[in-house]
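Novice: Below, each chain spelled out in residue letters.
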Amino acid sequence: MIAVLKRLWKHGIGTIPKDELLHVNGRGKLLLDDTKCTACGDCVLECPSEALSLRRVQNEFDFSITYSSCISCRVCTEVCPTNAFSYANEPMPSVQLRDELVVHYTINRDESEPKGEIVSDRDRREVILKN
Amino acid sequence: MKISRIIVAPHELIHACRTVIANHGRFITMVASDECGREIDRFVVRYIFAHDGKSMLNVVESVLTESNCSYPTLSSMIPAASWAEREAHDLFGIFPEGHPDLRPLVLHDDWPEGVYPLRKDYALREKQERDSFSSWSYPKVEGEGVFEVPVGPIHAGVIEPGHFRFQVMGDSVLHLEAKLFYTHRGIEKRSEGMSVVKGLYLAERICGVCSVSHALSYVQAIEQISETRVPERAIFLRVLFAELERLYNHVGDIGNMCAGIGYAYAVNHGAHLKEQLMQLNDFIVGHRFLRGSIALGGVTEDITEEKLRYIETTLERVKKEFNEIVEQILSHDIVVNRFSNTGILSERIARELSTVGPTARASNYDIDVRRDLPYAAYDQLVFEVPTFMEGDVMARFKQRFLEARQSFQIIEQVINRTPKGDIRVPIGDLIPYSFGIGMTESPRGENVHFVMVGENNTIYRYRVRSAPYANWPAVPICVPGNIIPDFPLINKSFELCYACCDR
Amino acid sequence: MIHVLLEILQVIFIIGVSPLIQGIVKRTKAILQGRQGPSVWQPYYDLHKYLNKDEVLSIHASWLFLITPYVVFVTMIAVVAMIPVFITHTLLSFTGQLMLVVYLFGLSRFFTALAGIDTGSSFGAMGSSRDMFVSALAEPVLFITLLAIALPMKTTNLTLITSRAVTGHSPLLSPTFYLAFLAFLILVITETGRIPIDNPDTHLELTMIHEGMILEYSGKRLGLMMWSAWIKQAIMFTLLLDFCFPWGISLVVHGSMLIASFIMVFLKLTVIAIVIAFVEMSYAKIRFFRIPRLLSAAFALSIISILTNFLL
Chain A
1 MIAVLKRLWK
11 HGIGTIPKDE
21 LLHVNGRGKL
31 LLDDTKCTAC
41 GDCVLECPSE
51 ALSLRRVQNE
61 FDFSITYSSC
71 ISCRVCTEVC
81 PTNAFSYANE
91 PMPSVQLRDE
101 LVVHYTINRD
111 ESEPKGEIVS
121 DRDRREVILK
131 N
Chain B
1 MKISRIIVAP
11 HELIHACRTV
21 IANHGRFITM
31 VASDECGREI
41 DRFVVRYIFA
51 HDGKSMLNVV
61 ESVLTESNCS
71 YPTLSSMIPA
81 ASWAEREAHD
91 LFGIFPEGHP
101 DLRPLVLHDD
111 WPEGVYPLRK
121 DYALREKQER
131 DSFSSWSYPK
141 VEGEGVFEVP
151 VGPIHAGVIE
161 PGHFRFQVMG
171 DSVLHLEAKL
181 FYTHRGIEKR
191 SEGMSVVKGL
201 YLAERICGVC
211 SVSHALSYVQ
221 AIEQISETRV
231 PERAIFLRVL
241 FAELERLYNH
251 VGDIGNMCAG
261 IGYAYAVNHG
271 AHLKEQLMQL
281 NDFIVGHRFL
291 RGSIALGGVT
301 EDITEEKLRY
311 IETTLERVKK
321 EFNEIVEQIL
331 SHDIVVNRFS
341 NTGILSERIA
351 RELSTVGPTA
361 RASNYDIDVR
371 RDLPYAAYDQ
381 LVFEVPTFME
391 GDVMARFKQR
401 FLEARQSFQI
411 IEQVINRTPK
421 GDIRVPIGDL
431 IPYSFGIGMT
441 ESPRGENVHF
451 VMVGENNTIY
461 RYRVRSAPYA
471 NWPAVPICVP
481 GNIIPDFPLI
491 NKSFELCYAC
501 CDR
Chain C
1 MIHVLLEILQ
11 VIFIIGVSPL
21 IQGIVKRTKA
31 ILQGRQGPSV
41 WQPYYDLHKY
51 LNKDEVLSIH
61 ASWLFLITPY
71 VVFVTMIAVV
81 AMIPVFITHT
91 LLSFTGQLML
101 VVYLFGLSRF
111 FTALAGIDTG
121 SSFGAMGSSR
131 DMFVSALAEP
141 VLFITLLAIA
151 LPMKTTNLTL
161 ITSRAVTGHS
171 PLLSPTFYLA
181 FLAFLILVIT
191 ETGRIPIDNP
201 DTHLELTMIH
211 EGMILEYSGK
221 RLGLMMWSAW
231 IKQAIMFTLL
241 LDFCFPWGIS
251 LVVHGSMLIA
261 SFIMVFLKLT
271 VIAIVIAFVE
281 MSYAKIRFFR
291 IPRLLSAAFA
301 LSIISILTNF
311 LL
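Residue numbers (UniProt numbering), protein chains in the order written: chain A, 1 to 131; chain B, 1 to 503; chain C, 1 to 312.
Since the hints were derived computationally from the structure, they do not count as laboratory data.
Hints should not be assumed to be uniformly reliable.
Said to hold, decoys possible - Chain C stretches covered by chain B per the calculated footprint, using a threshold of three residues with CB under 8 Å from any CB of chain B:
(1) 33 to 42
(2) 191 to 202
(3) 281 to 293
Stated by the list, open to error - Taking lysine-lysine and the DSS-like style, the derived pairs with C-alpha atoms no more than 27 Å apart in a straight line are:
(4) A:K10 <-> B:K319
(5) A:K6 <-> B:K319
(6) A:K6 <-> C:K268
(7) A:K6 <-> C:K26
(8) B:K198 <-> A:K36
(9) B:K320 <-> A:K6
(10) C:K26 <-> A:K10
(11) B:K179 <-> B:K140
(12) B:K189 <-> B:K127
(13) A:K6 <-> B:K398
(14) B:K320 <-> A:K10
(15) B:K307 <-> A:K29
(16) A:K29 <-> B:K198
(17) B:K398 <-> A:K10
Glycine is no exception: its CB is placed at the ideal position from the N, C-alpha and C atoms.
Generate the whole structure from the sequences, applying the supplied hints.
Specialist: Here it is as structure tokens:
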């Protein structure tokens with residue numbers, strides 16, 4: 001009993017101040033450098049949580065990251081041939097609506113051969129590749 | 001690590017394995033695989049043995065044809081092979097002749113007969129109609145006053161699923177039968193055809209709390225195939241991550257073991273310390289479980305000098321508190337009374353079942369991959385491997401404490417000795433149909449990953465023998481003779497994952 | 001008239017304040033563990049939640065399972081009606097009251113144990129069998145201990161015991177008091193199902209005693225079972241106060257005296273709750289088969305207490 005009290009006296013109650021609640025560092029927010037991206041689609045194919053998608057819109061590509069699905073696993077960073085992904089030093093965003101968590105990038109690569117549409121989402125597990 | 005292969009005909013398996021054991025080979029696991037894709041007819045079984053201290057593995061291989069896929073069992077010679085052979089029987093339909101207990105293990109009794117999911121001709125997403133009428137058979141104790149207590153797979157607390165049948169007389173346990181493998185996630189099947197890069201992320205997620213160890217085993221297997229030389233700085237950082245993982249596990253487990261006896265005070269202080277260590281992990285690599293820190297050919301992130309100093313100061317503080325807490329726990333007479341002589345695992349059984357990790361060492365079975373088959377930078381570091389004679393809960397408790405103390409020391413050495421330089425090299429292309437075996441010492445014991453690559457740098461066959469897989473068979477053996485209220489304590493003292501065993 | 005009103009108020013006070021006592025115990029435990037813990041009002045919220053929740057009943061449950069919570073709850077109220085809290089008068093008062101208290105506890109326990117077996121769940125049966133094992137040992141010890149306390153007062157009427165304790169000279173001078181107090185403290189812990197005998201916070205179904213028996217209850221009935229357990233705890237604490245620290249309990253009905261005794265009782269209950277939390281935090285659960293030793297220690301203490309009463 002004395003030891004219990006002694007410890008309490010010495011270390012107090014382990015509390016987190018209110019303003020630090022839910023403050024998790026984590027890996028940070030996933031960012032895409034759209035100048036580097038070649039729209040090859042490797043990351044979309046490998047992403048385990050269907051957080052990435054790539055769609056062809058006329059002559060451009062629309063690349064999107066869904067933050068609510070991202071698990072910060074780093075697969076995209078690993079497979080990217082041009083190292084276009086990075087983690088920003090800010091927490092992964094969180095809002096109430098799922099749609100608000102999607103960030104779109106427009107990629108316009110003249111030199112890259114457009115592969116078509118690569119979509120990987122929950123409803124369609126198969127990846128569509130068409131020329 | 002060197003791998004020497006011995007290829008024999010099925011009927012010569014026993015003889016070959018006996019020779020390897022006579023040469024001090026330690027049985028690790030058995031890997032079966034369906035290799036019809038590379039013009040082999042059709043199954044291959046590989047018994048893996050380690051030669052401790054020589055940094056060498058022996059693989060005894062044999063090809064079984066599809067028409068006659070039976071082979072003489074080794075379980076009567078090596079009891080530890082029993083589970084692996086049963087598993088191969090369930091998943092591949094290859095038949096170990098003379099096996100003493102061929103009840104289903106990985107697939108439960110409701111799985112239809114004659115369907116073998118790990119064969120290559122079984123599609124990944126194929127579904128099976130379950131036969132809900134078949135029931136589980138297990139040995140029963142009969143007599144007056146003998147009752148049966150079924151527990152699980154859903155428990156009152158939020159823990160993993162496992163089913164236990166206690167045959168009891170009053171509160172004393174006469175026999176315990178455990179049924180695991182409720183959380184089969186099909187990791188092995190899923191990995192087939194996956195690129196080796198993505199496979200790493202699958203390996204990391206095999207277990208919640210041994211991520212680094214699993215990832216490290218996996219990358220070591222791949223690096224073995226590609227013969228990559230990992231840069232010096234990277235191997236030191238790998239040790240750092242592996243030890244940080246061991247530390248938060250051991251510190252957390254020490255607190256958690258006290259939950260088995262209702263000593264809430266120690267539980268919460270242990271949790272408090274564990275939380276500090278996990279926040280440290282989050283700070284240094286951005287993940288509380290250290291996921292995403294290990295990469296093929298090195299590590300993903302460099303740890304700056306400033307972060308190393310931060311680790312040093314944090315650990316200094318945690319170490320002091322940790323010592324205080326353990327001292328307080330061990331000076332508590334009720335704790336000592338409940339821990340001592342509870343759940344004794346004898347040295348003989350520990351050896352016969354090839355148990356691993358702190359469990360084995362607490363029963364005086366002195367094995368540690370870090371010392372015996374050194375990987376990463378462990379051969380350049382100075383550390384001791386503590387052992388205990390008793391094999392009871394108290395021994396396992398003290399074992400974890402002493403190992404955590406060694407981890408503090410190892411991390412200290414790493415911080416002071418990490419050389420400058422690259423942290424990563426590319427791994428290059430892999431030769432199709434070659435295999436590698438990665439072994440690391442996780443907080444629960446050795447994790448063994450067998451990876452065979454296919455064409456285009458994909459995985460062809462992946463088998464994981466996690467530490468809990470080796471240790472689970474020992475748990476039901478230690479329980480009889482104790483009373484039911486002691487079972488949670490005994491179970492916690494082993495601190496085995498269910499999921500990482502079930503895969 | 002005023003007497004009866006106060007006596008009823010006494011009953012309502014114990015029933016109403018019992019969750020708060022539980023809250024104080026829990027909060028103190030949390031603080032001692034280095035946590036902030038839930039607010040002391042949490043048991044009230046819990047109770048509110050349970051009483052408004054739907055129930056899930058086992059298909060094997062018979063009428064026994066259904067009526068047990070009411071039986072237990074009513075039994076506890078009956079006991080509350082017999083113990084003095086802040087005035088010495090009680091709703092029910094007669095010679096031999098002390099015996100009835102012990103056996104009313106026995107009744108509630110009997111029903112709880114049967115309900116534990118009734119659903120056919122292995123944990124319920126395990127809890128019942130263990131509880132019977134513990135209570136078979138605890139009941140005679142409780143009896144002897146109460147006797148040790150009643151003996152110097154020369155009555156088994158609780159009203160008289162308390163009023164004699166208040167008016168008599170300080171019991172702190174007699175060794176009888178200390179011995180009986182220690183024995184009673186062990187019994188309070190046993191009866192309230194606290195560490196080192198039982199762990200009220202456990203989620204390990206294999207180690208449960210009291211929690212095991214009520215594991216199959218849900219919703220309203222679980223609420224009643226929990227509330228009864230808290231009331232029992234409050235009763236045990238009050239009995240301990242009545243016998244050992246009766247200061248401040250008013251003998252007469254007088255405005256300011258009443259307020260003073262009311263505050264005193266409340267403070268004393270809080271102190272007891274904190275002390276119990278301390279005891280719980282400094283111990284772990286003892287081995288199940290060691291419980292008899294602890295109880296035999298209590299038995300020995302009360303026997304010595306009775307002897308010293310005759311010798312000194």
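Novice: For the pair supplied as a hint, K29 (chain A) and K198 (chain B), is the alpha-carbon distance within the 27 Å limit?
Specialist: Roughly 21 Å separates the two Cα atoms, so the pair holds.
Novice: Is K6 (chain A) close enough to K319 (chain B), meaning Cα to Cα at most 27 Å?
Specialist: Roughly 18 Å separates the two Cα atoms, so the pair holds.
Novice: Is the hinted pair K6 (chain A) and K268 (chain C) satisfied, with a Cα-Cα distance of at most 27 Å?
Specialist: holds, 25 Å
Novice: K398 (chain B) and K10 (chain A): Cα distance at most 27 Å?
Specialist: OK: K398 (chain B) and K10 (chain A) at ~25 Å, within 27 Å.
Novice: Count residues of the stretch 33 to 42 of chain C with a Cβ under 8 Å from any Cβ of chain B, then say if the count reaches three.
Specialist: n = 3 at 8 Å, threshold three: holds.
Novice: For the stretch 281 to 293 of chain C, do three or more residues have a beta carbon lying closer than 8 Å to a beta carbon of chain B?
Specialist: holds (count 10)
Novice: Check whether the Cα positions of K320 (chain B) and K10 (chain A) lie no farther apart than 27 Å.
Specialist: The hint holds at about 13 Å.
Novice: Would you check the hint for K307 (chain B) and K29 (chain A), treating anything up to 27 Å between C-alpha atoms as holding?
Specialist: Satisfied, since the Cα-Cα distance of roughly 21 Å is no more than 27 Å.
Novice: Per the coverage rule (Cβ-Cβ under 8 Å, at least three residues), is the stretch 191 to 202 of chain C covered by chain B?
Specialist: holds (count 5)
Novice: Does K398 (chain B) lie within 27 Å of K6 (chain A) when you go C-alpha to C-alpha?
Specialist: With a Cα-Cα distance of about 24 Å, the restraint between K6 (chain A) and K398 (chain B) holds, given a limit of 27 Å.
Novice: Would the pair K6 (chain A) and K26 (chain C) pass a check requiring their Cα atoms to be no farther apart than 27 Å?
Specialist: Within the cut-off at roughly 20 Å; holds.
Novice: Hint check: K189 (chain B) vs K127 (chain B), CA-CA at most 27 Å. Holds or violated?
Specialist: holds, 14 Å
In summary, the structure agrees with every hint in the numbered list given earlier.
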